[in-house]
Amino acid sequence: MKILGFIIQKEFIQIIRNRALLPMMTLLPIIQLIILSNAASNEVKNVNLVIVEKDYSESSRLLIRKINANDRISIVKTTFNSKDAFDHLQANKADIVLEIPSDFEKDYRRGEQPKLQMLVNAINGQQSTVGSGYLKNIISSFNLELIEEVAPLTSGSQLTISSRNWYNPEINYPHFMAPGILAELTALLTIVLSAMNVVREREIGTIEQINVTPIKKWQFIVGKLVPFLCIGMVLLTVGLIASKLIFDIPIRGNIGLIFFYAIFNLIAVLGLGLLISNFADTQQQAIFVAFFFVIIFVLMCGLFTPIDSMPKWAQKLTIPNPLAHFISVSRKVLMKGSGFWDIRWEFIYTIILAVVFNTLAIWSYRKRI
Amino acid sequence: MSAISVHNVSKSYGEILALNNLSFSIEDGELFGLIGPDGAGKSTLFRILTTLLIADKGEAYVAGHHVVDDYKSIRQKVGYMPGRFSLYQDLSVEENLSFFATIFRTTIEENYHLVKDIYVQLEPFKTRPAGKLSGGMKQKLALCCALIHKPEVLFLDEPTTGVDAVSRVEFWDMLKSLKEKGIAILVSTPYMDEASLCDRIALIQDGNILKIDKPQHMIRDFDKPLFAVTTSETYKVLKFLRNAQFTASALPFGSSIHLTTSFPVKPSEIKHYVERTGIPVDDVSPVEATIEDVFLELSNKKTI
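Chains as they are written, first to last, in the working numbering: chain F, 12 to 380; chain P, 169 to 472.
Think of the hints as simulated: they come from the structure by calculation, not from any bench. Some hints could be false.
Only pairs whose alpha carbons sit at most 25 Å apart, straight line, appear in this in silico DMTMM-like list of lysine to aspartate or glutamate [claimed, not checked]:
{"no.": "1", "chain 1": "F", "residue 1": "Lys227", "chain 2": "P", "residue 2": "Glu320"}
{"no.": "2", "chain 1": "F", "residue 1": "Lys378", "chain 2": "P", "residue 2": "Asp237"}
{"no.": "3", "chain 1": "F", "residue 1": "Lys378", "chain 2": "P", "residue 2": "Asp367"}
{"no.": "4", "chain 1": "P", "residue 1": "Lys300", "chain 2": "F", "residue 2": "Glu22"}
{"no.": "5", "chain 1": "F", "residue 1": "Lys378", "chain 2": "P", "residue 2": "Asp224"}
{"no.": "6", "chain 1": "P", "residue 1": "Lys300", "chain 2": "F", "residue 2": "Glu214"}
{"no.": "7", "chain 1": "F", "residue 1": "Lys13", "chain 2": "P", "residue 2": "Glu278"}
{"no.": "8", "chain 1": "F", "residue 1": "Lys228", "chain 2": "P", "residue 2": "Asp237"}
{"no.": "9", "chain 1": "F", "residue 1": "Lys126", "chain 2": "F", "residue 2": "Glu110"}
{"no.": "10", "chain 1": "P", "residue 1": "Lys347", "chain 2": "P", "residue 2": "Glu278"}
{"no.": "11", "chain 1": "F", "residue 1": "Lys77", "chain 2": "F", "residue 2": "Asp114"}
{"no.": "12", "chain 1": "P", "residue 1": "Lys284", "chain 2": "P", "residue 2": "Asp332"}
{"no.": "13", "chain 1": "F", "residue 1": "Lys88", "chain 2": "F", "residue 2": "Glu123"}
{"no.": "14", "chain 1": "F", "residue 1": "Lys227", "chain 2": "P", "residue 2": "Glu278"}
{"no.": "15", "chain 1": "P", "residue 1": "Lys349", "chain 2": "P", "residue 2": "Asp391"}
{"no.": "16", "chain 1": "P", "residue 1": "Lys407", "chain 2": "P", "residue 2": "Asp381"}
{"no.": "17", "chain 1": "F", "residue 1": "Lys227", "chain 2": "P", "residue 2": "Asp381"}
{"no.": "18", "chain 1": "P", "residue 1": "Lys240", "chain 2": "F", "residue 2": "Asp114"}
{"no.": "19", "chain 1": "F", "residue 1": "Lys13", "chain 2": "P", "residue 2": "Glu277"}
{"no.": "20", "chain 1": "P", "residue 1": "Lys294", "chain 2": "F", "residue 2": "Glu110"}
{"no.": "21", "chain 1": "F", "residue 1": "Lys378", "chain 2": "P", "residue 2": "Asp258"}
{"no.": "22", "chain 1": "P", "residue 1": "Lys344", "chain 2": "P", "residue 2": "Asp381"}
{"no.": "23", "chain 1": "P", "residue 1": "Lys294", "chain 2": "F", "residue 2": "Glu22"}
{"no.": "24", "chain 1": "P", "residue 1": "Lys300", "chain 2": "F", "residue 2": "Glu110"}
{"no.": "25", "chain 1": "F", "residue 1": "Lys227", "chain 2": "P", "residue 2": "Asp258"}
{"no.": "26", "chain 1": "P", "residue 1": "Lys392", "chain 2": "P", "residue 2": "Asp451"}
{"no.": "27", "chain 1": "F", "residue 1": "Lys378", "chain 2": "P", "residue 2": "Glu320"}
{"no.": "28", "chain 1": "F", "residue 1": "Lys228", "chain 2": "P", "residue 2": "Asp238"}
{"no.": "29", "chain 1": "P", "residue 1": "Lys245", "chain 2": "F", "residue 2": "Glu212"}
{"no.": "30", "chain 1": "F", "residue 1": "Lys227", "chain 2": "P", "residue 2": "Asp238"}
{"no.": "31", "chain 1": "F", "residue 1": "Lys378", "chain 2": "F", "residue 2": "Glu214"}
{"no.": "32", "chain 1": "P", "residue 1": "Lys439", "chain 2": "P", "residue 2": "Glu456"}
{"no.": "33", "chain 1": "F", "residue 1": "Lys228", "chain 2": "P", "residue 2": "Asp258"}
{"no.": "34", "chain 1": "P", "residue 1": "Lys347", "chain 2": "P", "residue 2": "Glu195"}
{"no.": "35", "chain 1": "F", "residue 1": "Lys228", "chain 2": "P", "residue 2": "Glu320"}
{"no.": "36", "chain 1": "P", "residue 1": "Lys379", "chain 2": "P", "residue 2": "Asp391"}
{"no.": "37", "chain 1": "F", "residue 1": "Lys13", "chain 2": "P", "residue 2": "Glu262"}
{"no.": "38", "chain 1": "F", "residue 1": "Lys227", "chain 2": "P", "residue 2": "Asp451"}
{"no.": "39", "chain 1": "F", "residue 1": "Lys378", "chain 2": "P", "residue 2": "Asp332"}
{"no.": "40", "chain 1": "P", "residue 1": "Lys284", "chain 2": "P", "residue 2": "Asp367"}
Given only the sequences and the hints, what does the whole structure look like? Please build it.
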């Protein structure tokens with residue numbers, strides 16, 4: 012035990028002596044947290060619209076006025092020339108082209124069904140889906156008003172749907188992103204730091220001296236793990252405080268539960284980092300392999316793409332991804348106020364991962380060359 | 169019981185044979201030198217004996233323990249100073265020493281008597297990070313760290329490489345006093361002049377041991393007449409001498425040429441003989457053989 016204590020003490024001294032490392036570990040993640048939580052948003056705030064107006068009737072003007080009233084849609088241009096509108100689409104100046112055919116009003120009054128055409132620039136999937144959604148909403152409400160005007164008697168039996176967003180009523184993106192990004196940053200920083208660590212001893216040559224001592228494998232690995240676990244917890248604390256102060260994120264559940272879960276998660280992630288470190292000969296190799304995992308973990312953790320919308324095989328792949336569980340836990344606990352029982356599966360998976368990664372790390376650490 | 173005994177040890181790295189069937193033994197309290205150029209296999213042998221590497225063939229015992237079957241016992245009992253500085257550069261002198269003391273379950277105080285002579289020189293810098301010490305100081309600290317757990321056998325892989333002349337002399341003085349405390353020391357060096365400071369030496373080249381003996385005996389057994397030839401035209405003279413009928417060997421030696429002859433010749437005759445061709449010769453004089461001469465002689469014999 013005393014030996015382990017000394018190894019941990021040594022690691023702490025080395026971390027504190029490394030002047031570049033401390034600000035890197037505290038300041039950089041907070042900057043990332045602030046930038047990413049604000050910028051990495053799926054919200055579509057501005058849709059550029061070009062209207063091809065061929066009718067010039069009262070109804071068409073009414074529709075255009077209604078569209079104009081929506082602050083998320085800006086009408087870039089109104090023209091009567093289809094080709095001109097299409098050029099805008101081609102030049103990426105318009106997201107959507109709405110064509111109002113001639114005789115729009117006349118057909119409508121006659122009780123026929125006039126057709127509005129919507130051309131959507133689908134290069135940016137998000138922008139096009141959400142934007143056309145906005146537009147369809149406006150058009151259907153316009154349609155309702157028009158029906159009432161044209162045939163007021165039939166309007167009594169309209170079906171209306173009202174929806175409400177639970178847990179994040181205003182769909183406040185920072186509220187949604189910040190807990191996820193916080194989990195991501197904590198895990199990423201620790202995986203990179205730990206992956207670099209053992210290999211650094213190999214590069215400098217200190218490992219050769221250590222290997223000819225009676226230090227046991229598990230003492231060496233645990234001695235590496237504990238200091239980084241502490242750093243990860245500090246980072247999580249600082250990040251949570253920053254998110255609360257800056258974004259006023261909701262903390263509905265038991266904050267202690269997050270910290271308790273984070274211990275297991277960080278142990279799992281650190282185990283993977285040390286495992287990488289054992290197999291790499293240079294820090295360069297270690298960082299490349301670590302990045303390989305980091306990128307997969309980040310893109311498949313549910314932060315940017317919902318796990319539910321991934322193909323089945325990819326959904327399965329998120330099970331060995333510690334980051335996915337961490338993000339799920341932090342969102343559930345912070346936003347939904349979930350208790351231990353609600354996140355039991357995350358706990359179980361994470362503990363399995365922690366055991367597997369660390370066993371492999373101890374097993375693969377060779378005291379021989 | 170021998171401190172180290174090696175029986176028919178071989179080790180290859182792929183195609184390259186690093187150690188070829190080595191056998192030797194080192195007694196308790198003996199200062200044994202492994203002398204050979206870079207790439208001779210010295211470090212490989214050290215790694216096998218310090219249980220970091222497994223030999224392909226042969227057996228080796230350190231402090232009575234088998235290097236493979238009983239490696240854990242060996243790690244308790246040996247001190248190892250790798251060829252490359254292997255202490256924590258960002259830890260201070262004192263922190264390094266107490267770290268290595270602790271992982272061997274001992275304290276600096278307990279074995280202070282062993283390192284005292286060396287540590288007093290380091291004491292003024294004890295709060296300085298190890299990476300900021302001079303080359304000689306680094307080696308002294310490394311020696312302290314290798315000694316702090318009172319090892320029975322000490323392995324020093326090229327401890328004086330890259331160290332200034334004064335520090336080298338000091339370092340060897342320390343080894344002598346450690347030897348008197350009964351610690352067996354295996355030291356390797358590429359410097360032939362350090363060989364005479366060892367009790368016994370093994371000359372090693374390309375994974376083969378050329379000769380094992382006391383350095384004094386090696387010099388005594390060097391029976392051919394030896395001359396130092398100094399000239400400004402080293403290359404020309406060397407070429408010319410190699411074809412002379414009295415020459416046994418002519419090899420460049422520092423700034424001069426060391427010439428051995430197969431029968432007694434007077435130095436003035438040699439000078440005369442060369443000068444007749446018009447190449448200037450400054451001096452020819454008989455000299456005492458050194459370990460380097462022995463080594464060159466043996467390695468020369470091998471290549472021929």
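Hint-by-hint comparison with the structure:
The straight-line distance between the Cα atoms of Lys227 of chain F and Glu320 of chain P is roughly 21 Å, inside the 25 Å bound, and the hint therefore holds. Among the hinted pairs, Lys378 of chain F with Asp237 of chain P is consistent with the structure: their alpha-carbon atoms are about 14 Å apart, no more than 25 Å. Taking the CA atoms of Lys378 of chain F and Asp367 of chain P, the gap is near 32 Å; set against the 25 Å cutoff, the hint is violated. Proximity of Lys300 of chain P to Glu22 of chain F is assessed by CA-CA distance (about 19 Å); at most 25 Å being required, the pair is judged to hold.
Of the supplied pair hints, the one linking Lys378 of chain F and Asp224 of chain P holds, its CA atoms being roughly 18 Å apart against a limit of 25 Å. Restraint check: the Cα-Cα separation between Lys300 of chain P and Glu214 of chain F comes to about 18 Å, which is no more than 25 Å; the hinted pair holds. At most 25 Å may separate the alpha-carbon atoms for a hinted pair to count; Lys13 of chain F and Glu278 of chain P meet this at roughly 17 Å. Among the hinted pairs, Lys228 of chain F with Asp237 of chain P is consistent with the structure: their alpha-carbon atoms are about 18 Å apart, no more than 25 Å.
At roughly 9 Å between alpha-carbon atoms, Lys126 of chain F and Glu110 of chain F fall within 25 Å of each other, so this suggested pair holds. Between the alpha carbons of Lys347 of chain P and Glu278 of chain P the distance comes to roughly 19 Å, so the proposed pair stays at or under 25 Å and holds. Simply put, Lys77 of chain F and Asp114 of chain F have alpha-carbon atoms about 19 Å apart, close enough for the 25 Å limit, and the pair holds. Annotation: proposed proximity of Lys284 of chain P to Asp332 of chain P holds, straight-line Cα distance about 22 Å (limit 25 Å).
Under the criterion of a C-alpha separation no larger than 25 Å, the hint pairing Lys88 of chain F with Glu123 of chain F is inconsistent with the structure, at around 28 Å. Between Lys227 of chain F and Glu278 of chain P the alpha-carbon distance is near 23 Å, which keeps this suggested pair within the 25 Å criterion. For a cut-off of 25 Å, the pair hint linking Lys349 of chain P to Asp391 of chain P is broken: about 36 Å separates their Cα positions. Note on Lys407 of chain P and Asp381 of chain P: the hinted pairing is violated, with a Cα-Cα distance of about 32 Å set against a maximum of 25 Å.
With a C-alpha separation of about 39 Å, the suggested pair Lys227 of chain F and Asp381 of chain P falls outside the 25 Å cut-off, and the hint is violated. For the hint pairing Lys240 of chain P with Asp114 of chain F, the CA-to-CA distance comes to about 94 Å; that exceeds 25 Å, so the pair is violated. Note on Lys13 of chain F and Glu277 of chain P: the hinted pairing holds, with a Cα-Cα distance of about 17 Å set against a maximum of 25 Å. Simply put, Lys294 of chain P and Glu110 of chain F have alpha-carbon atoms about 83 Å apart, too far for the 25 Å limit, and the pair is violated.
Taken as a hint, the Lys378 of chain F and Asp258 of chain P pair is honoured in the structure, with Cα atoms around 23 Å apart against an allowance of 25 Å. Distance restraint check for Lys344 of chain P and Asp381 of chain P: the Cα-Cα separation of roughly 18 Å lies within the 25 Å cut-off, and the hinted pair is therefore satisfied. For the proposed pair Lys294 of chain P and Glu22 of chain F, the alpha carbon gap of about 19 Å is at most 25 Å, so the pair holds. Taking the CA atoms of Lys300 of chain P and Glu110 of chain F, the gap is near 76 Å; set against the 25 Å cutoff, the hint is violated.
Of the supplied pair hints, the one linking Lys227 of chain F and Asp258 of chain P holds, its CA atoms being roughly 23 Å apart against a limit of 25 Å. Of the supplied pair hints, the one linking Lys392 of chain P and Asp451 of chain P holds, its CA atoms being roughly 19 Å apart against a limit of 25 Å. Proximity of Lys378 of chain F to Glu320 of chain P is assessed by CA-CA distance (about 21 Å); at most 25 Å being required, the pair is judged to hold. Distance hint between Lys228 of chain F and Asp238 of chain P is fulfilled; the C-alpha atoms sit about 17 Å from each other, no more than 25 Å.
In summary, the hint linking Lys245 of chain P to Glu212 of chain F is supported, as the alpha carbons are separated by about 23 Å, within the 25 Å threshold. Straight-line distance between C-alpha atoms of Lys227 of chain F and Asp238 of chain P comes to about 15 Å, which keeps the hinted pair within the 25 Å bound. Between Lys378 of chain F and Glu214 of chain F, the direct Cα distance comes to roughly 15 Å. Compliance with the 25 Å bound is thereby established for this hinted pair. Distance restraint check for Lys439 of chain P and Glu456 of chain P: the Cα-Cα separation of roughly 19 Å lies within the 25 Å cut-off, and the hinted pair is therefore satisfied.
For the hint linking Lys228 of chain F to Asp258 of chain P, the alpha-carbon distance of about 23 Å falls within 25 Å, and the restraint holds. Restraint check for Lys347 of chain P and Glu195 of chain P: the C-alpha separation of about 11 Å stays at or below 25 Å, so the hint holds. Annotation: proposed proximity of Lys228 of chain F to Glu320 of chain P holds, straight-line Cα distance about 24 Å (limit 25 Å). A C-alpha spacing of about 16 Å is found between Lys379 of chain P and Asp391 of chain P, which places the hinted pair at or below 25 Å, so the restraint holds.
Distance restraint check for Lys13 of chain F and Glu262 of chain P: the Cα-Cα separation of roughly 18 Å lies within the 25 Å cut-off, and the hinted pair is therefore satisfied. Of the supplied pair hints, the one linking Lys227 of chain F and Asp451 of chain P is violated, its CA atoms being roughly 63 Å apart against a limit of 25 Å. With a C-alpha separation of about 33 Å, the suggested pairing of Lys378 of chain F with Asp332 of chain P is violated against the 25 Å cut-off. At roughly 24 Å between alpha-carbon atoms, Lys284 of chain P and Asp367 of chain P fall within 25 Å of each other, so this suggested pair holds.
Of the numbered hints stated above, those contradicted by the structure are hints 3, 13, 15, 16, 17, 18, 20, 24, 38, 39, listed in ascending order.
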